[in-house]
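Protein chains in written order, with the working numbering: chain A, -18 to 411; chain B, 569 to 847.
It is worth saying that the hints were derived from the structure and are not from the lab.
A portion of the hints provided could be inaccurate.
[Stated by the list, open to error] In silico BS3-like cross-links for lysine-lysine, where the CA-CA straight-line distance does not exceed 25 Å:
no., chain 1, residue 1, chain 2, residue 2
1, A, K142, B, K616
2, A, K135, A, K181
3, B, K841, A, K83
4, A, K135, B, K616
5, A, K181, A, K257
6, A, K142, B, K612
7, B, K612, A, K135
8, A, K123, B, K612
9, A, K116, B, K612
10, A, K40, B, K841
11, A, K180, A, K135
[To be verified] What follows is a list of derived Cβ distance ranges for each label pair:
no., chain 1, residue 1, chain 2, residue 2, range
12, B, W791, A, E77, 24 to 32 Å
13, A, K135, B, R600, 27 to 35 Å
14, B, R600, A, G147, 43 to 51 Å
15, B, G650, A, A118, 51 to 59 Å
16, A, E161, B, G815, 50 to 58 Å
17, B, I619, A, K191, 46 to 54 Å
18, A, N(-9), B, R600, 29 to 37 Å
19, A, G147, B, I619, 54 to 62 Å
20, A, G314, B, R600, 58 to 66 Å
21, B, I634, A, T139, 35 to 43 Å
[To be verified] These stretches of chain A come out as covered by chain B in the derived footprint (C-beta under 8 Å, 3 or more residues):
no., region
22, 104 to 111
23, 129 to 138
Built from N, CA and C at the ideal position, the CB exists for glycine as well.
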Amino acid sequence: MSDIAVRVENLSKRYRIGGPQARYKTLRESLVDMAAAPARRLRRLGQPSPDNETIWALKDVSFEVEHGEVLGIIGRNGSGKTTLLKLLSRITEPTEGYAEIKGRVGSLLEVGTGFHPELTGRENIYLNGAILGMKRAEIDQKFDEIVAFSEIEKFLDTPVKRYSSGMYVRLAFAVAAHLEPEILLVDEVLAVGDAAFQKKCLGKMGDVAKEGRTVLFVSHNQKAISDLCDWAVRLENGQVADQGASADVVRRYLEEQLGTEAVSAGHTTVVPDPSKPMRLRALTVLDHQGRQAGEVEMGQAFRVRIEYDVNRPTTSAHVICFFHTTDGVNVFGSGDADCSPERLGERKVGRYIAEFEVPPFILGAGGYSISVNLSIPFREYLDRHDSVLYFTVRDTSSMRRHSYRQRRPGILGFDLPWTYVNNEPVQHDQ
Amino acid sequence: MAEAAIEKTSTIVIRPSRGWVSLDLRDLWRYRELLYFLTWRDIKVRYKQTILGAAWAILQPFFTMIVFSVFFGRLAKVPSDGIPYPIFAYCALLPWSYFAGALDRASNSLVGSSHLITKVYFPRLAIPISAVLAGLVDFGVAFVVLLGMMVYYGFAPTTAALTLPFFLLLAVATALAVGLWLSALNVQYRDVRYTIPFLTQFWLFATPIAYPSSLVPERWRAWYGLNPMAGVAEGFRWALLGKQPPGPLLAVSIIVVVLLLIGGLYYFRRMEKTFADIV
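The following block holds chain A by itself, in its conformation from the complex (with noise of 0.2 Å):
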C-alpha cells in the first residue's frame, strides 16, 4: 500500500464571472434567457466559448502529499488557495481532475462555523462539534478540554452573542483544535484572535503536525510556514507556481514580491537622494569569505556593509540596522554608535562605507530582512529603509537536522556544549 495521503491529479475549478449564472438570478431573467438561447446559440456556432465570462480559479494543479507530512500553501489573494481547500473538502466541486484522499479528513475554512448566537458556549460546543464531523461521544469526552483550551468557562451558559469577539474567537478555535482528524485542511484559522491566543494557536498546530498527522495548510503567515511544514507549494493564477522545502518557497516568494534579483544576490542599492542630509547607498551582505551573498552559513560570522551618503554636514546623527525576521519579528539592531560614541559628532560631506560583522551562532536558520535607519536619536529619521534587503541562514549541521525533517525552528541559532554532571547514569531509587 502506497503511503500517499493526499494525491491531487490536475484539478481544475472554473468560475463564471459576469456570466448568465454569476449570480443568482430571478425567474424572469432565466425565462428571457431561454427564450433568446436559440439565437445565441445559432449566432455563437463555431465559435469558441466566450472565455471572458469564466475564470480557472484553479487549473491543473497537481501534487502527492504523504501520511504525516505538513503542507504549506502560500500565495497571493486570489491565487486558488481557498479554492484548492474547498475542493479537497468537498463544499464543491472540480470542473476538471481528480483528487484522492485517504482518511479521515477534518477541514477548518474558518473557526466557529454555524455558531448560534443565540445558543449558549456549552450549546455551541456541541453544535459546532457535529458540523465539523465530531461524534457526540467524542465532544462529550473531549467538552472539558475544550473548555479549559478556550478559557471562557465562567461564560459557558452565557448565550455567544454576549461574548467578546476575543471569547468568541477562543471557543471557536478551541472546538476545531479539538477535532482529530487524519488529515487536517487548515485555511487561514491563525489570523484570529490576539497575539497571545495566535501563539497558543499556533502551538496547537505545532503539535498536531508533530503527532504524525497530515496537515494542508494556507496561510499567510510565512513564519507559521516555514517553521510548521516541511514543504509547501506556491498557488499563483490557480496554478503551481513553486514548490520545494518551505523555507525555500517563502524565500522565493518573498523576493518576487520585492522584485528585486538583487536580494538573493545579499545586495541593495537605493537611488540617491540628495535633498537628504544623509541617505543610504547600498546595503550588502558578505559571507564567511568575504563573497556578498543572499544565503549564510549559520555556524560562520557573516558582514553587513552600509555605503550611504552625507550631503550636508550632520552631527548627533546614528546609523542603525535591525534584524526582522519574514514575519516581522524585531530580533536585533546594531547601531555605528553604539559601541564608538564619539560618532554622534559632526560628520562631513561625502560617502562613507561601514561594515559590522554579526558572529557565528546568533540567527537560527530561517529567512530575515534587513531595516535601515538613518536618525538623529529621539528627534527625527534623516533616512528610513524598512526591510530593504532579504537573506537566509543556512543550518548545515547534520545534528540539529537530524532531530527536524527540514531545519529546526526557532529564531535564536546558539549552539550551546551541554554538559553532564554526573558521567554514570545515577541509578533510580527504588
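Fit chain B to the given chain A structure using the hints.
Relative to the frame of chain A, chain B by itself:
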C-alpha cells in the same frame, strides 16, 4: 470526516460528477448526529427571546380556528359533516400549520445556511430535513389543544386514531417533498422566497380545512387527492373525529407525495454540487 467512523482507511474520491447522481442516503445516515443537532438547534432557537415562547405554536392555529369558526362556520354556514365546526376546522388546521411552517422553513433553509454550505462539507439534505423535522415540536404542543377540544366536544378516540402517525408522516413527507424542490430552486432563483406566501395561501383554500371534501362532487373527489394535503386533512378528521375514511382520495395523495419526494430528492442531489458556488 464521518467515513472513518465506519472504517478506518476509507478513501474519498473527488471528481466532477455529471448529470444525475445517486441519492447516497448512506452518507446522510453517517451524518445522522448532525441532522439531530441541526434539528435541535432549530427547536432551541425558535422561541428564544420571546415572551410567549412555545405558546406561539398554539396561538397561530387556535386563532385561525376562531376566525374560521366565526366567518365560515357561523356566518357563511359552511357544512362540517355534522361535526362541531371549531373542532372540525382545528383538526385540519393542526397538520396544515405544521405543513405551512415546515414548507416555509425548508424552502428558505439552504439560503439561510449559506454560511455552512460555503464552509464545511456534509450532506446538504440534512438542512431541509432538519427544517421539516423541527416543526414537529410545535405540532406536538398544538396537538395538546386538540386533545382538550376532543374532551370538551366529547370525542372518544377510536382504533382509527392509531393511523394518526401515518397521516402525520404524510404531512412531513409532503412538506419535505415540496421543500426539497423549492429550497434547491431558491438557491438559484430568489423568486421562490416571494412565491411561498402566495403558494401557501392558495394551497390553504385548495385544501379541505375550512370546508369538508364532501363539497367536491363525488366523481371528482379522488382527483382532489392530487393535493396531498387534502389526504392529510381528511385523514386527520377520520382518525380523530370518526368521519368516513378518505378512500381513493388518500391513495392518489400517497402516489403524488411519493413521486414528488423521489423527484425532489434527485433534483436536490443534482443541484447540490452547485449550491456552494451560487448560494
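Does K181/A pair with K257/A here, judged by a C-alpha cut-off of 25 Å?
-> Violated, at about 45 Å.
If you check the beta carbons of N(-9)/A and R600/B, does the distance land in 29 to 37 Å?
-> Taking Cβ atoms as reference, N(-9)/A and R600/B lie about 35 Å apart, which means the hint holds.
Starting from the range 24 to 32 Å, see whether the pair W791/B and E77/A falls in it by beta-carbon distance.
-> With Cβ atoms ~49 Å apart, the hint is violated.
Satisfaction of hint between K612/B and K142/A, Cα-Cα up to 25 Å | holds (15 Å)
Starting from the range 50 to 58 Å, see whether the pair E161/A and G815/B falls in it by beta-carbon distance.
-> Given about 56 Å between the Cβ atoms, the range holds.
Under the criterion that the straight-line Cα-Cα distance not exceed 25 Å, is the pair K135/A, K181/A satisfied?
-> Roughly 20 Å separates the two Cα atoms, so the pair holds.
Checking C-beta pairs, does the region 104 to 111 of chain A have three or more residues closer than 8 Å to chain B?
-> holds (count 4)
Just tell me: holds or violated, for the beta carbon distance of I619/B and K191/A against 46 to 54 Å?
-> holds (53 Å)
If you draw a straight line from the CA of K135/A to the CA of K616/B, is it 25 Å or shorter?
-> holds (21 Å)
Could you see if the CB distance from K135/A to R600/B stays within 27 to 35 Å?
-> Given about 34 Å between the Cβ atoms, the range holds.
Hinted pair K123/A and K612/B, Cα distance within 25 Å | Holds, at roughly 23 Å.
Quickly compare the C-alpha distance for K612/B and K135/A to 25 Å and report which way the hint goes.
-> Answer holds: K612/B to K135/A is near 22 Å, not above 25 Å.
The earlier numbered hints that this structure contradicts are 5, 12, 14, 19 and 23.
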